[in-house]
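Colleague: From first to last, the protein sequence lines are chains A and B. According to the numbering used here, the first sequence is numbered sequentially starting from 6. According to the numbering used here, the second sequence is numbered sequentially starting from 47.
Everything labelled a hint here was simulated from the structure, so no lab data went into it. Please note: incorrect hints may appear among the correct ones.
[Unchecked claim] Straight-line C-alpha distance at most 25 angstroms; calculated BS3-like pairs for lysine-lysine:
1) A/Lys176 / B/Lys158
2) B/Lys62 / A/Lys57
3) B/Lys158 / A/Lys57
4) B/Lys224 / A/Lys244
5) A/Lys173 / B/Lys207
6) A/Lys168 / B/Lys224
7) A/Lys233 / B/Lys227
[As the list claims (entries may be wrong)] Quick list of the computed label-pair ranges, beta carbon to beta carbon:
8) A/Phe266 / B/Gly54: 54 to 60 angstroms
9) A/Asn62 / B/Gly102: 52 to 58 angstroms
10) A/Ala27 / B/Val181: 38 to 44 angstroms
11) A/Ser131 / B/Pro200: 22 to 28 angstroms
12) B/Glu58 / A/Gly208: 51 to 57 angstroms
Beta carbons: idealized from backbone N, C-alpha and C, even for Gly.
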Amino acid sequence: MSACFAGRKEKMSDFLQKANSAPMYLICGAVVVCVLLQSVLFLVRAWRHGVKIGMRNEQLKGALTSSILFSLIPSIGILIGVIALAPSLGIPVPWMRLSVIGALHYEGSTANNLAKGMGLGELPSSAMTGGSLAAIVFGMTVNMLWSALFILFFFKRYQKRVKSGASKDPKLSNILFAAMFTGMICAYFGDTISYLRTVETGGAVRTPNVLPLTAFVTAFAAMAVFQKIMDSGRAKWLKDYAQSFSMLIGMTCAVLGQFLFPTLSAFPE
Amino acid sequence: MGTDTDTGRINEAYQKDSHRIGRASMVLSGVMMLAVPFFIAWFYGEDIAFSAGYWGAFLAVTIQYLPSDIIEVVTYAPLLGTGGTYIAFLTGNLINLKIPCVMNAENNAGTKPGTVENEIIGTIAVAGSAITTIVTLAAGVLLIRPLTPLLNNPVLRPAFKTVISALFGAMAYTYFLKFPKVTILPLVLSILLFALVPSLTGMVSTMVVVLAVISMVWAILLYRKGVLE
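One chain only, chain A, in its complex shape:
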């Protein structure tokens, strides 16, 4: 039994050694670079066009600065996803998947479902081979390309229809965009409420947890304070930073909250 386990362990480490080797980094890195170049190209074009049509440099710089700051902390959260998937798939594949198209909740569950379908059981699996890794990556990729295909064939036409509808009543379209996003935020607020109850999710029991609600409410309150400061005419520079600072305050309060509510702060693995 132990010999069999040792054999499996060796096989697993062989698999991971190859999954983490230089050629794997190279091929995954090539995809990441290709996507990075697309973003850079669009950024440069948009900036140049903005200047051409008379937009102020500060306005463009503000949009870039705020988006970088806004994305930094969530990106670290995504990095944790790479770390979480690394024991199952090696580092290069999750790195590529989460840099390109992917979202953590999708990547983890899809990889697991495909692995189970192949009879590998839960990931990380000691029965994992190069062929099964290839099949998992194929499944993850194809199932995230549907939206890209839809965009390729229908986006331009769909956009024309949306634009012509919006141009008929710009005031209503302005309200609708805000309403749509408000609905989305409400869904995430509702989710923090669901954390207050015991629920079975993903095969595990989640006990009541006040930290998501704490983070939401304190970030909301922090933004209210920052808005007051900005409205008073002081610290106008805050405009591009207020959202990120509020987010950080919310997350810090969640960290502190685990000490205040130790029995109401457990996240399932």
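With the hints as your guide, set chain B onto chain A.
Modeller: Below, chain B alone, put in the same frame as chain A:
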């Protein structure tokens, strides 16, 4: 008059090019992504493990994601604009990052939906966000050994588990107060739904679309009744 026509023509050419570059980059990236599993199989010297069980699981994943992939485009593309859509659907993390990022940037810039200025700000915001994530992940992968114990520290765990809640909490202040009469219905509905059926937590991305649609229909009703200024 002549200047307006010129600007219109320049903007139109810009949009046309955006679609052309967007499509070309999507095809190129898609082909490269699809080549990766074949490279992996070749590199390991094995066949891709396409078994009957695999295709069953593949079909189940497709049934789960195909409709939501298309609904995501229909829902989010108008918010992202042309350039933003091409970048966001290639780099992912839409609702948890790109959409809030665009809404924040456009709100700060004070641009109006449907204008070229809005398109420019949206594209810069999505591109900036995508580049930040790609660079952060690349740096993180390079430093993965020293970073792993820090990022897996149990004390910091609540911080990373609540990123999305904190992000939307900060955004909520701006958007809940924009049209409070619109906010009230989806907010109350959401609280009731998630409190009474907490298992909806496993379907948040679906609920996002459902509540967005309810919120829009409610906004149209209020607008038609002349309640919204």
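Colleague: So, for every hint listed, does it hold in this structure?
Modeller: Outcome of the hint check:
Taken as a hint, the A/Lys176 and B/Lys158 pair is honoured in the structure, with Cα atoms around 9 angstroms apart against an allowance of 25 angstroms. A C-alpha spacing of about 16 angstroms is found between B/Lys62 and A/Lys57, which places the hinted pair at or below 25 angstroms, so the restraint holds. Note on B/Lys158 and A/Lys57: the hinted pairing holds, with a Cα-Cα distance of about 19 angstroms set against a maximum of 25 angstroms. Under the criterion of a C-alpha separation no larger than 25 angstroms, the hint pairing B/Lys224 with A/Lys244 is consistent with the structure, at around 17 angstroms.
Between A/Lys173 and B/Lys207, the direct Cα distance comes to roughly 43 angstroms. Violation of the 25 angstroms bound is thereby established for this hinted pair. Restraint check: the Cα-Cα separation between A/Lys168 and B/Lys224 comes to about 23 angstroms, which is no more than 25 angstroms; the hinted pair holds. Of the pairs offered as hints, the one joining A/Lys233 and B/Lys227 holds, with about 22 angstroms between alpha carbons and a cut-off of 25 angstroms not exceeded. Taking the beta carbon of each, A/Phe266 and B/Gly54 are about 58 angstroms apart, inside 54 to 60 angstroms as hinted.
A/Asn62 and B/Gly102 have their C-beta atoms about 55 angstroms apart, which keeps the hinted 52 to 58 angstroms range intact. Here the CB-CB span from A/Ala27 to B/Val181 is close to 21 angstroms, at odds with the stated 38 to 44 angstroms. A C-beta distance of roughly 26 angstroms is found between A/Ser131 and B/Pro200, which places it inside the suggested range of 22 to 28 angstroms. At about 52 angstroms, the CB distance of B/Glu58 to A/Gly208 agrees with the hint of 51 to 57 angstroms.
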